[in-house]
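> What follows is the residue order along each chain.
2 protein chains.
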Amino acid sequence: MDWLDAVKWDRDGLVPVIAQEVGSNDVLMFAFMNREALARTAASGRAVYWSRSRKRLWFKGEESGHVQQVHDIRLDCDNDVVLLKVTQLGHEPSIACHTGRHSCFFQRLEGDQWRGFDPVLKDPETIYK
Amino acid sequence: MDWLDAVKWDRDGLVPVIAQEVGSNDVLMFAFMNREALARTAASGRAVYWSRSRKRLWFKGEESGHVQQVHDIRLDCDNDVVLLKVTQLGHEPSIACHTGRHSCFFQRLEGDQWRGFDPVLKDPETIYK
Chain A
1 MDWLDAVKWD
11 RDGLVPVIAQ
21 EVGSNDVLMF
31 AFMNREALAR
41 TAASGRAVYW
51 SRSRKRLWFK
61 GEESGHVQQV
71 HDIRLDCDND
81 VVLLKVTQLG
91 HEPSIACHTG
101 RHSCFFQRLE
111 GDQWRGFDPV
121 LKDPETIYK
Chain B
1 MDWLDAVKWD
11 RDGLVPVIAQ
21 EVGSNDVLMF
31 AFMNREALAR
41 TAASGRAVYW
51 SRSRKRLWFK
61 GEESGHVQQV
71 HDIRLDCDND
81 VVLLKVTQLG
91 HEPSIACHTG
101 RHSCFFQRLE
111 GDQWRGFDPV
121 LKDPETIYK
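As they're listed, the protein sequences go chains A and B.
FYI, the numbering for the first sequence is 1 to 129, going by our numbering.
FYI, the numbering for the second sequence is 1 to 129, going by our numbering.
Keep in mind that the hints are not guaranteed to be accurate.
Here are the simulated distance ranges between beta carbons [as the list claims (entries may be wrong)]:
| id | chain 1 | residue 1 | chain 2 | residue 2 | range |
| --- | --- | --- | --- | --- | --- |
| 1 | A | Arg115 | B | Thr126 | 34 to 44 Å |
| 2 | B | Thr126 | A | Gly65 | 48 to 58 Å |
| 3 | B | His91 | A | His91 | 38 to 48 Å |
| 4 | A | Asp72 | B | Trp9 | 30 to 40 Å |
| 5 | B | Ala43 | A | Asp118 | 22 to 32 Å |
| 6 | A | Val22 | B | Val22 | 14 to 24 Å |
| 7 | B | Val22 | A | Met1 | 35 to 45 Å |
| 8 | A | Arg56 | B | His91 | 42 to 52 Å |
| 9 | B | His91 | A | Asp78 | 18 to 28 Å |
| 10 | A | Arg11 | B | Pro124 | 27 to 37 Å |
| 11 | A | Trp9 | B | Arg56 | 17 to 27 Å |
| 12 | A | Val120 | B | Glu62 | 37 to 47 Å |
Output of the computed footprint for chain A on chain B, the stretches with three or more beta carbons under 8 Å from beta carbons of chain A [claimed, not checked]:
| id | region |
| --- | --- |
| 13 | 10 to 23 |
| 14 | 26 to 37 |
| 15 | 104 to 116 |
One side of the interface only, derived from the structure: several residues of chain A facing chain B at Cβ under 8 Å [said to hold, decoys possible]:
| id | residue |
| --- | --- |
| 16 | Ala6 |
| 17 | Phe106 |
| 18 | Arg108 |
These are computed hints drawn from the structure, not numbers from a lab.
Note that the Cβ used here is the ideal one computed from N, Cα and C, for glycine as well.
Full structure from sequences and hints, please.
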């Protein structure tokens, strides 16, 4: 069986994907892939997602330069979630989030409010120009 | 605004949740929460998910004893994914997966095959008895 057939694609033909940074083990971001995105990720060693808003393949870093080099592709026990181990390229310290932060998970629940917790490392206006 | 209203619930009223282990930073599992599950998680400091298969609240560890103590609740840049920082209780070394493994992400893509990569720490038959 094709390894891509082992993945349980959801009703939209997508699978959720977690990107985790090699070394720090930080969770950088969460996105989706369709079959072609996962096939291209495995073949190229660079993360390719499916943009649900733009309805097209999203070569991570295509605009920002913040490419993800993929070291390891994991599948969970139910075959319906993918975990990528990546090196986040393009900026030092690494930026995965479109807001210019290291990780997309920068909002922290404090009492009954979400508060921004991690600093902006680069102004998004200079990332996407 | 209620902090729960800041979350962008999907068309099923759910939000995807990543559970990450404090200390190791390992990604343990991926699941979903509805509004009540997230509210109860925040109030109790124990992870409560929504079981899509059983269509009910799932108090993580209710059968296995593998409870998750929640230290930190994060929200991503789009307000539609939650990241929990947890201590995985109930077994040493820690077990989050129903297969008796540390993490649910134990299958690794090697060439064109998924291979089990991490050991079973406890027989599932003795976990769920």
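> Determine for every hint whether it applies to the structure shown.
How the hints compare with the structure:
Our hint of 34 to 44 Å for A/Arg115 and B/Thr126 holds, since their Cβ atoms are close to 43 Å apart. Checked against the hint of 48 to 58 Å, the pair B/Thr126 and A/Gly65 passes, with Cβ atoms roughly 50 Å apart. Between B/His91 and A/His91 the C-beta distance comes to about 39 Å, which sits within the given range of 38 to 48 Å. At roughly 31 Å, the beta carbons of A/Asp72 and B/Trp9 sit within the given window of 30 to 40 Å.
With their beta carbons about 25 Å apart, B/Ala43 and A/Asp118 fall inside the hinted range of 22 to 32 Å. A beta carbon spacing of about 19 Å between A/Val22 and B/Val22 agrees with the range 14 to 24 Å that was offered as a hint. A C-beta distance of roughly 37 Å is found between B/Val22 and A/Met1, which places it inside the suggested range of 35 to 45 Å. Range check, A/Arg56 to B/His91: Cβ separation about 44 Å, and the 42 to 52 Å hint holds.
Hint check: B/His91 to A/Asp78, Cβ distance near 20 Å, so the stated range 18 to 28 Å holds. At about 28 Å, the CB distance of A/Arg11 to B/Pro124 agrees with the hint of 27 to 37 Å. With their beta carbons about 25 Å apart, A/Trp9 and B/Arg56 fall inside the hinted range of 17 to 27 Å. The hinted window of 37 to 47 Å between A/Val120 and B/Glu62 holds, with their beta carbons roughly 40 Å apart.
For a cut-off of 8 Å, the count of residues in the region 10 to 23 of chain B with a CB near a CB of chain A stands at 3, and the three-residue condition holds. Only residues whose C-beta sits within less than 8 Å of a C-beta in chain A count toward coverage, and the region 26 to 37 of chain B has 4 of them, enough to reach three; the restraint holds. Only residues whose beta carbon comes within less than 8 Å of a beta carbon in chain A count, and the region 104 to 116 of chain B has 9; three or more means the coverage holds. For A/Ala6, the suggested interface contact is upheld, since its CB lies about 6 Å from the closest CB of chain B, less than 8 Å.
Taking 8 Å as the C-beta cut-off, the interface hint given for A/Phe106 holds, the closest approach to chain B being about 7 Å. Given the 8 Å rule on beta carbons, the hint for A/Arg108 holds: about 6 Å separates it from the nearest Cβ of chain B.
Every hint, counting from the list given before, is met by this structure.
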